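Enquirer: Chains as they are written, first to last, in my numbering: chain A, -18 to 431; chain E, -18 to 431.
Keep in mind that the hints were calculated from the coordinates and are not lab data. As the structure is a computational prediction, the values presented were derived from the model and not from experiment. A couple of the hints might just be wrong.
Copies of the same chain look alike in the list, so a pair counts if it fits in one copy or across any two.
Here are the simulated SDA-like cross-link-like pairs (lysine to any residue), alpha carbons at most 25 Å apart as the crow flies [unchecked claim]:
1. 101 x 133
2. 101 x 426
3. 101 x 180
4. 86 x 288
5. 86 x 175
6. 101 x 135
7. 101 x 146
8. 101 x 122
9. 101 x 75
10. 86 x 10
11. 86 x 99
12. 101 x 61
13. 101 x 304
There are 2 protein chains.
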Amino acid sequence: MAHDADVIVVGAGVAGLVAAQRLQAHGLTTLVLEARERVGGRLLRHTLSDSVVIDLGGQWLGPTQERAYALARELGLTLFPTYTEGENLALLGGRVQRYAGTVPKLGIGALFDFGSAVAKLDRMAKQVPLDAPWNAPHAEAWDSETLASWAQHTMRTHLGRWGIRLFSEAVFAAEPSEFSLLHALFYIHSGGGFESLTNTRGGAQQDRFVEGAQSLALRLAAQLGERVRLNQPVVRIQHAAQGVCVATRSGATYTARAVIVAIPPTLAGRIEYDPPLPAVRDQLTQRLPNGAVIKCFAVYDRPFWREQGLSGFAVAECDPVHLVFDNSPPDASCGILLGFVEGAQARQMSAVDPETRRTVVLECFARLFGERARQPEAYIDHDWSAEVWSRGCYGAHFPPGVWTQFGRALREPIGRIVWAGTETATRWMGYIDGAIESGERAAQEVLTTL
Amino acid sequence: MAHDADVIVVGAGVAGLVAAQRLQAHGLTTLVLEARERVGGRLLRHTLSDSVVIDLGGQWLGPTQERAYALARELGLTLFPTYTEGENLALLGGRVQRYAGTVPKLGIGALFDFGSAVAKLDRMAKQVPLDAPWNAPHAEAWDSETLASWAQHTMRTHLGRWGIRLFSEAVFAAEPSEFSLLHALFYIHSGGGFESLTNTRGGAQQDRFVEGAQSLALRLAAQLGERVRLNQPVVRIQHAAQGVCVATRSGATYTARAVIVAIPPTLAGRIEYDPPLPAVRDQLTQRLPNGAVIKCFAVYDRPFWREQGLSGFAVAECDPVHLVFDNSPPDASCGILLGFVEGAQARQMSAVDPETRRTVVLECFARLFGERARQPEAYIDHDWSAEVWSRGCYGAHFPPGVWTQFGRALREPIGRIVWAGTETATRWMGYIDGAIESGERAAQEVLTTL
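Work the whole structure out from these sequences, hints included.
Expert: Laid out in structure tokens, this is it:
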């Protein structure tokens, strides 16, 4: 029986492209069907008028993300460190303070409260098996409450809890009320610990791509050539013991011996499957919502804050921006502040008009970095919840009860359907590195099956 | 411009059919597109070989559900009371005990614990505005934790907490870990209080339909005649200021001045909208999963338990069945025990083979009602999570953080798209009565808009 390819891959993000690359390397033919007019999924580069590249999507690599560094090397991409010289800023209780190191001067009570909570989280996280979080010693109890209620009962200070909220927004693009304590612990373990997730130098925000992170996908796609088909939203997957037939919105159909679905779980749940998927799989994808983030960039003639001894990094009780980074290009040919609008703030800002969004974001920048920050040469933002083929970032989170009741269905292939995407990774779930792991695993599963 | 109808309704459940009926009564033309080969949605009658009708889906009405009683009267349907004579059974701690009234003999400590918790829930529930739960006095705190973590911190006894779990399974078909305290409180208020939700006589399980509850939908559909089209799964809704164009899987398209989407939120989220819906609406439907329930019926020559002074009602720590009702027909021409497999148990039982499911369910019946219960004349069960066009029952529940962050998007029309379905009701959300309320409101919104 003649197929269009040995394996069809749904989604030309890093996960899907890596899967296709590995399968091709093993001599199988692939066909990658991508809904968008571009590859890269949640990675998206944008070239400013002066040919400076910014990442509207995922952008960082950090220590222990060996797969991501290896792929970057393999594809000839260049990394450079996120700027971290100088002091950071914190806007807390209406006052701006400068601080060195990773934690602002919260006062001794809040510092102790926050530090104790982080130590507890790290200690519990180590007990969560990455391939089976439901087997953690207190899995059911940890999955019965939210990170917010845990913090409410465990912590004593407003500022300490605010630190946990900032962590939640920065890492999950969600509020601590939205996911279970067990998911928080899994994710901390998956990313190598609290500091590994949150630090810039020595952590997940350490390095950036000169060419933009999307270049990972662009170069993989270039290798695959015509095997990648754009503008092909998959609407239906018919599957049987012998193979699959994948239909796109335009009515085109493609057959293969197996299919790898490499898109976020909530979008995978919108595809029609024939025969229908088992109840537990369908109910899983009803329960893995995406976080919400708007990345906001203000471009200045130069990184003027550096002249004042500032790193450009800031944490702020300043709605809608709670986190700011210096995102200038490696040669500092211009200065770029990157503000994150995440979780609840992203939902509110998603609904307001672009002009208002610009104004309130720049107001936060000005409160932190002075009036000069209010007048950038350019401003651009990107709302990932409005992107139809992502519908949120950075990734999916697991509300209470989901890991323990539905976790087993996350990676388990269903006949000739195999699941990929960073949400299916064990290490660095939610990150580029996790996407690569998932693509490699999915390719391996297909090779074993066929 | 000629349209196929003034208003298209997606979904021929009670909500959609009521909306269509009301619009027709106001002189508008409608077209009801139903994915299944039948009407009724989560209501489904089944005729046993001896012409006894059983409800595989929703089946009960109770006091204060005035809309449902009125519709039943209007359509000429006949109600009869759920059988409640005699004593109930409780299987707790490995022992079966008989009890009268609504609460088993838990021991004084557990009784007090459970009673206090219920009183607290009722008191807090009254403070939740039904049209805007996010405006409750402690909305953010109540939406930051699960019902399970609230019970963990508030209650002191294992049996008391087990009572809350039974409540959660019986009313939400979900575990108390899966939804927020705020949602539990909203739902309790929406259904008129804890006892109103849980009681048989005087509560939501009081009355049954002689003809089966699906007859509500069957008779409404008969009135609408050819305006109801079966086997028409809607895959895409194009919408503009002037009207809508609705496409079905077969490629047929229908135009109208407005559309009412009257299906569960998670399924509404799987339709493609053009232009795409606002981020907050899409993220809402990512976050409203359905509960899980398998209804299990064992049919005997007569309701033999009645001869022993038993009502047939039982609560049981006996996996997978935690709740049993006498579901015999009004003339008791045969005896029917109805066991509910809900929440976590439903997920596990969904995956096992039918023969095993039958065996373990009948084992529970036998432990409660004696060996005779192990040998029914017929056994039938129905897994609502496996139904492709429901994907769970009884309804959707709201995980932590959803009401406060996304609740406003639940009912708000988007241009010419109006939302219906029991999940959009303020009173008796999740019930037939709520479905009718939602259909009436949706019809009114369309009338106001056009």
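Enquirer: Hint by hint, where does the structure go against what was stated? Just the numbers, ascending.
Expert: The structure conflicts with hints 2, 9, 10 and 12, although it agrees with all the remaining ones.
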